[in-house]
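Sequences are here, hints too, so could you generate the full structure?
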Amino acid sequence: MLYHPTVARLTQRAILGRRRALILLLLPVLLIVIAIVVRVLVGADDEVTADLLGGFALATMVPLIGVIAGTGAIGPEIDDSSIVYLLAKPVPRPTIILTKLTVAVGVTAAFSALPTLVAGFILGGNGSRLAVAYALAAAVASVAYAAFFLMLGTISRHAVVFGLVYALVWEALLGSLVDGVKTLSIQQWALAVGEKIGQGGHVVSDVALPVATVLLVVVTAGATWFAAQRLRSLTLAGEE
Amino acid sequence: MPSDAPATGSPGSTGSTGSTGDSGTTAATDVIHDIGYRHYDGPRLGRGYARRSLFTQSLRAAYGLGRSAKSKVPPALLFGIMCLVALILVAVAIGTGMDELPLEYTDYAIYLQPVIFLFIAAQAPVSVSRDLRFRTVPLYFSRPVERLDYVSAKYAAMASALFVLTATPLLILYVGALLAKLDFTDQTKGFAQGLVSAALLSLLFAGIGLAIAALTPRRGFGVAAVIAAFTVPFGAVSALQGIAWEQDNLGAIGWFALFSPIGLIDNVQSTFLGATPATASPEPVDPSTAAGTAALLVALALAAGCFLFLLRRYRKAGL
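Here the protein sequences line up with chains A and B, keeping their order.
Numbering-wise (the numbering used here), the first sequence opens with residue 1 and increments by one.
Numbering-wise (the numbering used here), the second sequence opens with residue 1 and increments by one.
FYI, nobody ran anything at the bench for these hints, they're computed from the structure.
None of these values were measured; they are calculated from a predicted model.
One thing to keep in mind: the hints can contain errors.
As the list claims (entries may be wrong) - Beyond 10 Å from chain B on every Cβ pair, some chain A residues (computed):
#, residue
1, Thr6
2, Arg9
3, Leu16
4, Ala44
5, Leu87
6, Leu117
7, Leu136
8, Val169
9, Pro210
10, Arg232
What the hints assert, rightly or not - To be clear about the criterion: a stretch of chain A counts as covered by chain B if any three or more of its residues have a C-beta under 8 Å from a C-beta of chain B, and this derived list gives those stretches:
#, stretch
11, 46-55
12, 64-74
Said to hold, decoys possible - Over 12 Å on every C-beta distance to chain B, these chain A residues come out as not near it, computed from the model:
#, residue
13, Val7
14, Phe162
15, Trp170
16, Gly180
The C-beta atom is built at its ideal place from N, Cα and C for all residues, glycine as well.
This is the structure in structure tokens:
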């Protein structure tokens, strides 16, 4: 069994419950508002579309939502020790991880890939191929980010910080300074997938598609496997 | 000894021959039930002392001092990165015999902004969210500490922690520049400008970070919310600035910067502190003086607004 509906419901409530869904919703709304403003002021333009979707949607929004959903799927439960009630149930721990991953991927994709597609259609230009290319890249990135950050959530209590360090320092800061870093960046792998679809050289990645695909699969599967291993032998630390 | 030491004599204690007459024997009206235990009659250190203690304790906690070894890792890591980059820059400047530093003092915080974002995002919830989560806030307020003391101590501590983070690398650059025998007046001027900018940055970022962190007792969510408040406007503004550049609308670039915290700092230091603007365009575009002045006003208003918001936030002391 790979999916447990009750675990899924609890996880979904942990990520989106109370006012959290509203705060998560702010990001896509901001993207779409900017897209509308730009479309009205500038008109349809491929260059502008690529700037906005690549620079804001894929570089800022997707990793951020990935961190919130990925670590939020399991981090708080480990943090307040309530995960023991879940672990005490006769549910295989890999199933717990897979279910939580499914929810995290779903939330990340719904809050990032979907708005990217909508924003791409609003911005227009290039027969909307760019919209599909970036939305697909965002969806692919959602899967890898969610798996990676979920694993971080099982490793460290400071998973959010380390996830953000990866997204901001490694991908954004070092990625813009050191070319080699781009080879090891989920964002670039996802862009490689989008590059295949986007036309006119607006979607550019520094990684070749075969390499990117292999790395994406390895990271996603590896992170999920490792998270399941971590959960099998989880020790609960006391409050600091 | 402060004058607010309470009267220690217990009016109802029968046969308390031990109470020698040095403490007043006036009836203490605030005693609910006195069963004759010995009272505290040492010095009462008062509000000012409590405020200073809260400040030092919060400042130390921001760097993980006095907390567990695991809590020391993130701040030490981020502080290390800030200093390491400065050391490398100095080493490069000395090693290759440059006649000036590879970058200006004012540019440093702009280039390393992700590190500063992460620091405030990681440490602002440490400063305020834990007090909310473990419900220690009411305990603070049951002491002589007032709401204003608590908020100002926390705010000052976070701003100081950020200033240490942003000013230390500048100091390393400055010392390195002097050791490399670069021009003294130039370097001193640049260093002073960098410090002013770092101070404004610390004040603004501490306010935004604390205001957001004080909203949630969950540390993980607070971290993400604070980082979002800094990076999302930055990402959006950068994208808009790039578009404005392509549309040859250069005047708009400076005004767009008003919508992101780091853009405010960039505008202010480009206008008043002789910095090169770090706009998201292929070439730096100077903001107009009006945009720079507006940025300064917005930054100060935002910092003050965050302070007032925090004061309001703690009016209901419970949660």
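Against the structure, the hints:
no.	hint	in the structure
1	Thr6	23 Å, holds
2	Arg9	20 Å, holds
3	Leu16	12 Å, holds
4	Ala44	13 Å, holds
5	Leu87	20 Å, holds
6	Leu117	17 Å, holds
7	Leu136	20 Å, holds
8	Val169	5 Å, violated
9	Pro210	30 Å, holds
10	Arg232	22 Å, holds
11	46-55	holds (count 5)
12	64-74	holds (count 5)
13	Val7	19 Å, holds
14	Phe162	8 Å, violated
15	Trp170	10 Å, violated
16	Gly180	17 Å, holds
Comparing the model with each numbered hint stated earlier shows that hints 8, 14 and 15 do not hold.
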